[in-house]
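Asker: In order, the protein sequence lines correspond to chains A and B.
FYI, the numbering for the first sequence is 1 to 43, going by the working numbering.
FYI, the numbering for the second sequence is 1001 to 1342, going by the working numbering.
A few of these clues could be false.
What the hints assert, rightly or not - Pulled a few chain B residues facing chain A out of the computed Cβ check, cut under 8 Å:
1) PHE1131
2) ALA1186
3) PRO1199
4) THR1210
Stated by the list, open to error - Covered stretches of chain A, as calculated for chain B (at least 3 residues, CB under 8 Å):
5) 11-21
6) 24-33
Keep in mind that the hints were calculated from the coordinates and are not lab data.
Beta carbons: idealized from backbone N, C-alpha and C, even for Gly.
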Amino acid sequence: MTRTHRRIHRVLWPVMALVVMLGFTFALVLRPPPEAPAVEQPK
Amino acid sequence: MSVAFRAVQWNRTKLVYDAILLGGVILFIAGFMGIGALVEQPKDESEWIGLRIRAFGSCAFLMLTVILAIGPLARLDRRFLPLLYNRRHFGVLTFFIAALHACFMVEWYIAQDVLGTLMPELMTPEPYGKFIGFPFKILGIAALIVLFLMAATSHDYWLVFLRPPVWKALHMLLYPAYGLVMMHVALGAMQSNRHVLMPILFGGAFAGVTFLHILAAWRERDVGGKAERGWITVGPPQSIPDQAALIVAAPGGERIAVFRDGAQIGAVTNLCAHQNGPLGEGRIVNGCITCPWHGYEYRLEDGCAPPPFTEKLATHRVRLRDGVIEVEARPLAPGTRAAITV
Chain A
1 MTRTHRRIHR VLWPVMALVV MLGFTFALVL RPPPEAPAVE QPK
Chain B
1001 MSVAFRAVQW NRTKLVYDAI LLGGVILFIA GFMGIGALVE QPKDESEWIG
1051 LRIRAFGSCA FLMLTVILAI GPLARLDRRF LPLLYNRRHF GVLTFFIAAL
1101 HACFMVEWYI AQDVLGTLMP ELMTPEPYGK FIGFPFKILG IAALIVLFLM
1151 AATSHDYWLV FLRPPVWKAL HMLLYPAYGL VMMHVALGAM QSNRHVLMPI
1201 LFGGAFAGVT FLHILAAWRE RDVGGKAERG WITVGPPQSI PDQAALIVAA
1251 PGGERIAVFR DGAQIGAVTN LCAHQNGPLG EGRIVNGCIT CPWHGYEYRL
1301 EDGCAPPPFT EKLATHRVRL RDGVIEVEAR PLAPGTRAAI TV
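Take the sequences, apply the hints, and build the full model.
Answerer: Have a look at this one:
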């Protein structure tokens, strides 16, 4: 791994970690509520 | 190259490694499907395909996580190095598992008789403006393309053809691909599967890999920070393993491999003159530094390949000061005699 690769590696990981962590958290928080179970019709 | 060098082809170690790898993959997928079927018995063909999609997708994610953890683990502890040398096989198998995951997805559309809706689902521009509801499959497809490129170019032929810096840059695309896979899961499976373990396992795996990469980079930066007036502190001579090396980082980030062969200590650049292999992870064999990738050899005293070969490495001045080995950060011209005897 050359110096340039290492420099890119050092910048890429923290930036990517931040973006993915944010995206992952938003996807978790904003996910729609579970579908309500279907109510059985009275016979 | 060494006179006695034999190209590393299929040897026993590699076969054992691949057998363990394949066995682990089969075990994971069989276990995932068995437990999945026990917890919630699939009712029809589509649900069986769905279970297969999840099993192969989870397996590919786990394999990708392990692949990305091997690099920093090997930099933090030499005992993980054997995993590094066979990582290419791991990567190629990961591509095949991920490709099967994608094939099962297409099979699911065929089983539902809705294959015609797949392309409009990917091509309609409107959902691309949303966050929840984003066409997550496109993220997986992008990651799969990267995995394909890496698997297709994993042979040494491509390393020579593309040249090591370009090849390495191409293979660093794996990092964004891992991010794409994370978002593929977050916006896809995690939206419908509300099991508490799902975000814990996937988020935990990503956090673990990120921690390892940042820790390894921090350790190297720390070593580089010990340079004083152009000299880097390595440690007492005995701290360098005999017939092996300690890798130190110069303040600019360049890595230097400091080898010890009995009482002789020499320092060379960590990059092999052949294909930029990590020399410091190699050993001294028959009195020569031997690259772990292809067996290229260099004399410890001056970094020159033994005749008739002509490759030369940049060397670094070494000195013993107050019982501690120090290496000059500035490299000497390739082939300059610089090793010392302590």
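Asker: Honestly, which of those hints from before does the structure not fit?
Answerer: none
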